[in-house]
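> Build out the structure end to end from the sequences listed, making use of the hints.
For what it's worth, this note's numbering labels the leading residue of the sequence shown as 1, then goes sequentially.
Cut-off 30 Å, straight-line C-alpha distance, at most; resulting in silico cross-link-like pairs (DSS-like, lysine-lysine): (1) K35 x K135; (2) K227 x K35; (3) K135 x K227.
Calculated from the structure, these hints are not laboratory results. These numbers were taken from a predicted model, which means no experiment stands behind them.
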Amino acid sequence: MTITGETTVGELVAADFRAAAVLSRFGIDFCCGGKRTLADACVARQLDPARVATEVSAACEAADRSAPRFADWEPQALVAFIVGRHHAYVRRALPAVNSYLGKLVSSHGDRHPELREVERLWGVISDEMIAHMAKEEQVLFPYIVQLADGADVSTPPFGSIEFPIRMMEMEHESAGDVMARIRQVTDDYRPPADGCTTYRVCFQELQAFEDDLHAHVHLENNVLFPKARALPLP
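Right, dumping it as structure tokens:
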């Protein structure tokens with residue numbers, strides 16, 4: 001694709017997911033901040049848009065048939081992928097990390113009181129994500145699939161599809177803010193010098209969770225939801 005300063009960050013990643021690694025390296029948010037233009041995102045980070053655009057183009061230049069072209073997928077396939085890949089991952093990761101944090105607080109909490117704040121924040125994001133995924137799987141996603149299938153659906157209780165989509169986008173931003181705070185408290189997921197193996201594994205899992213959250217939110221905010229908004233109503 002031709003990249004200009006007016007190209008949105010979300011469009012870059014939707015066109016080729018390899019752009020995500022470049023944007024992440026420059027500290028540019030491509031999930032919750034996906035609606036910002038590349039120029040605006042670069043100004044906020046004091047970056048040269050031309051340099052970022054050049055590096056994105058270089059990363060995406062070679063053909064990569066193994067990378068999913070999510071922008072070409074139908075809404076039904078996107079929903080199935082999001083639930084099967086990202087929602088399933090969240091449900092596995094939440095209790096595992098919670099267990100690690102419990103052990104760390106018990107063993108290291110006196111020397112590293114910041115662990116208690118991480119445990120508290122993890123509890124917040126756990127509660128938010130469980131409720132969030134339930135709303136998507138039980139209400140919004142089935143409705144999107146029905147519309148995409150051309151089914152004769154009745155008027156939903158939430159009225160316009162815009163309302164639940166906006167709510168999901170707000171919740172995505174909240175989850176991203178919580179993970180950003182965890183990253184800050186953990187010094188970019190760097191365990192202290194006296195950190196044990198569980199310490200290192202826990203922080204690696206926290207970073208993996210944030211990375212997956214970025215990909216997860218990007219697929220919904222910048223790929224699935226625009227497709228859902230464009231579906232004809234019955």
